[in-house]
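Colleague: Single-letter residue listing:
There are 2 protein chains.
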Amino acid sequence: MKPLLDAIRPTTILEPEKLRSLLDLDLVVISETFQHTGSFKFRAAYNVVLNRPESEFVGVSSGNFGQALAYACKLLDRKCTVIMPHNSSKVKVDAVQKYGAEADLINVNEVSRVERLEQLRQQRPDAYMASAFDDRLVIEGNSSLGDELVDLGLDAIVIPIGGGGLISGTVEAFERANQTVEIIGAEPAMANDAAKSLAAGRIIPNKFEPQTIADGTRTLSVGDLTFPVIQRGVNSILEVSEEKIVEGLKLYFTHANLKCEPTGALSLGAVLQNVDQFRDKRVGVVVSGGNVDPEVYARLIANG
Amino acid sequence: MKPLLDAIRPTTILEPEKLRSLLDLDLVVISETFQHTGSFKFRAAYNVVLNRPESEFVGVSSGNFGQALAYACKLLDRKCTVIMPHNSSKVKVDAVQKYGAEADLINVNEVSRVERLEQLRQQRPDAYMASAFDDRLVIEGNSSLGDELVDLGLDAIVIPIGGGGLISGTVEAFERANQTVEIIGAEPAMANDAAKSLAAGRIIPNKFEPQTIADGTRTLSVGDLTFPVIQRGVNSILEVSEEKIVEGLKLYFTHANLKCEPTGALSLGAVLQNVDQFRDKRVGVVVSGGNVDPEVYARLIANG
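Residue numbers (our numbering), protein chains in the order written: chain W, 1 to 304; chain F, 1 to 304.
Mixed in with the good hints there might be a few duds.
One copy or any two copies: either way a pair holds, since identical chains are not told apart in the list.
EDC-like mimics (lysine to aspartate or glutamate), calculated; alpha carbons at most 16 Å apart, straight line [said to hold, decoys possible]:
id: 1; residue 1: K98; residue 2: D24
id: 2; residue 1: K281; residue 2: E182
id: 3; residue 1: K196; residue 2: D94
id: 4; residue 1: K281; residue 2: D24
id: 5; residue 1: K250; residue 2: E295
No lab work stands behind these hints: they were computed from the structure.
Bound-form chain W, shown alone (with noise of 0.2 Å):
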């Protein structure tokens, strides 16, 4: 592997006295908000892209990853397509445009994004199919972010779950660093497959694409590559209310300055539906992204 991404963005620690006081808690805001294109998901897709030969690169996203690999296709002189829904919000896709990749708009009704993808892999065999999150290189990029973690001191980390790649990624940090940390996932309870994954002991998909505020969780399932990582490492999945969710973004907005998506906000949400667990600890909450549209933040701030 390549030695890993000076291009990343440290990322941002924040101890907010006012969210801190007002919680009663040692709370430690890590924000990826202001990671290149907004989210952690810069640090994964850099490492695929500087770690994979292809000249080519597709994905399918319709958010944070998107313009994640567009950008980094852009700084490392790749070609990169982004399958995205049509009806995906102007601003991303204009996002990924501007990076200088082609957005290749699907209607979803006519062709789902798995067969899309199956019909550009067809079409472009040279290209790399980027996967979101179930990839070696996906894991071991944001694993950099576990690696700026392990000498804070703390007791827990939470952090939001999709497909997962975040939280393995973590864990696998802290095992290289021989570091012990309670290591929690964050879900949104109408998201619930990981949760009910790990209590099976095996992966149990959604059946649709749940309609949970935290668009960046709405993942059929966890990954063939994640779910391991997470069986070994992963101490709990908390599963987060819509309302705990809007709740943590409003308190990031009042009593931190800090601007965050709703998917950023589920493990604050976590620690505000559990808050006595987190009582006498030093607890790490994960601000995956920052991405959201002003006229949903707006009404989520206002009246959410």
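Chain W is already provided as a structure; the job is to place chain F on it using the hints.
Modeller: Structure of chain F alone, referenced to chain W:
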């Protein structure tokens, strides 16, 4: 003077790629939104309380200086009173009280802030009356931000001006480091007393508190101590329209994931209004603070 400011949180330096490429500028964002109490004012307030022997402090502020003074007094175990207009937003009164200070609410139609300060000065002869900007300890405290900027390789720095405390501190930090940089003030066009004063060579106060959206600059004039520093070290003062302030605030949201208050967006607003002046320069924009009511912010990002 006591050694400077162990309690201060280092500023947050961002080089947001989306914003830089949108504006095609070598832009460096210097954000005090994550400073304790959410604005640079804590640097000043803490330095004042640390270096004065009094056991009681009185300040006048409906905004950031009040919170900063209250928190500094809490940390250093002093008594604190903040004179605030009785119609100040609840969020601001609450913040001052949560830090253990007394909020002295006055009806400004019956007694002016200055009159009330004089009343308290007579009632409490042993208390220190803390100015938000016109105090050597305030300027010195603010200069700790400037100290963090001298090694960034900037050609120009744009800084919001209200009473002139922050820009004066920055001037003194660069003088102390024996470095030259273009220091530019950003002032609301409808509250342009500093620009007028700099042009005239004498302090020209506003007659009334100007109702700019950048409420941190609603001061009547620059200070007797700050004005000579401004004359000596500030290259120019740009007058910013209300529209450009709001545009700056929105761009921070959409292109940098940064929540800031309207006053904090003044410096980016000045750059937007004079963009050609900053071509081929490495320009730092100081975001002075992040405290803004959710209803106001929601309105600005959604429609403003």
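Colleague: Taking 16 Å as the upper bound on the Cα-Cα distance, should K250 and E295 be classified as within, between, both, or neither?
Modeller: both (15 Å within a copy, 12 Å between copies)
Colleague: For the identical chains here, do K281 and E182 meet the 16 Å Cα criterion within one copy, between copies, both, or neither?
Modeller: within (10 Å within a copy, 47 Å between copies)
Colleague: Using 16 Å as the alpha-carbon threshold, which applies to K281 and D24: within, between, both, or neither?
Modeller: The answer is within: 11 Å in one copy meets 16 Å, while 45 Å across copies does not.
Colleague: Indicate which option fits the pair K98, D24 if close means a Cα-Cα distance not exceeding 16 Å: within, between, both or neither.
Modeller: Result: close only across copies, 13 Å inter versus 43 Å intra.
Colleague: One pair to classify: K196 and D94, alpha carbons no more than 16 Å apart. Within, between, both, or neither?
Modeller: So K196 and D94 fail the 16 Å test inside a copy (36 Å) and across (42 Å) alike.
Checked against the numbered hints above, the structure violates only hint 3.
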